Amino acid sequence: MIFRKKGKIRKREDDSLLWYLQKMKSKVNHQEALINNSVDYHSNVMYNAKLEKMKYMFLLKEARIRKTGLKVNKFK
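In the numbering used here, the protein residues as written are 1 to 76.
Among these hints, one or two may not hold up.
Restricting the straight-line Cα-Cα distance to at most 25 Å, the calculated cross-link-like pairs of lysine-lysine (DSS-like) are [stated by the list, open to error]:
| no. | residue 1 | residue 2 |
| --- | --- | --- |
| 1 | LYS53 | LYS5 |
| 2 | LYS8 | LYS67 |
| 3 | LYS23 | LYS11 |
| 4 | LYS11 | LYS67 |
| 5 | LYS55 | LYS11 |
| 6 | LYS25 | LYS55 |
| 7 | LYS8 | LYS27 |
FYI, nobody ran anything at the bench for these hints, they're computed from the structure.
Quick caveat, the model's predicted, so the values are computed rather than measured.
Can you build the whole structure from these sequences, using the hints too?
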């Protein structure tokens, strides 16, 4: 009974991690697009872009450690 609860909690946290990972990826893409499309940008924009990318890389590393990922079946 205890182990079932542990599995449910892990699944919920893995889903949450994947959701944050997708959210951070979209933020990183938005920041990169902002930098690429601007002629002259403020230093805060570059700082925010680096910060968002570092957060994304941390979440990506955490997902890799936890062996969490989108389970895609290649051979349907």
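Okay, the hints, checked on the actual structure:
The suggested pairing of LYS53 with LYS5 is violated, with an alpha-carbon distance near 34 Å, which exceeds 25 Å. A hinted pair counts as satisfied when its Cα atoms are at most 25 Å apart, and LYS8 with LYS67 qualifies at roughly 16 Å. Straight-line distance between C-alpha atoms of LYS23 and LYS11 comes to about 18 Å, which keeps the hinted pair within the 25 Å bound. Distance restraint check for LYS11 and LYS67: the Cα-Cα separation of roughly 12 Å lies within the 25 Å cut-off, and the hinted pair is therefore satisfied.
With a C-alpha separation of about 22 Å, the suggested pair LYS55 and LYS11 falls inside the 25 Å cut-off, and the hint holds. Restraint check for LYS25 and LYS55: satisfied, since their Cα atoms lie roughly 9 Å apart, inside the 25 Å limit. With a CA separation close to 29 Å, the supplied pair LYS8 and LYS27 exceeds the 25 Å bound.
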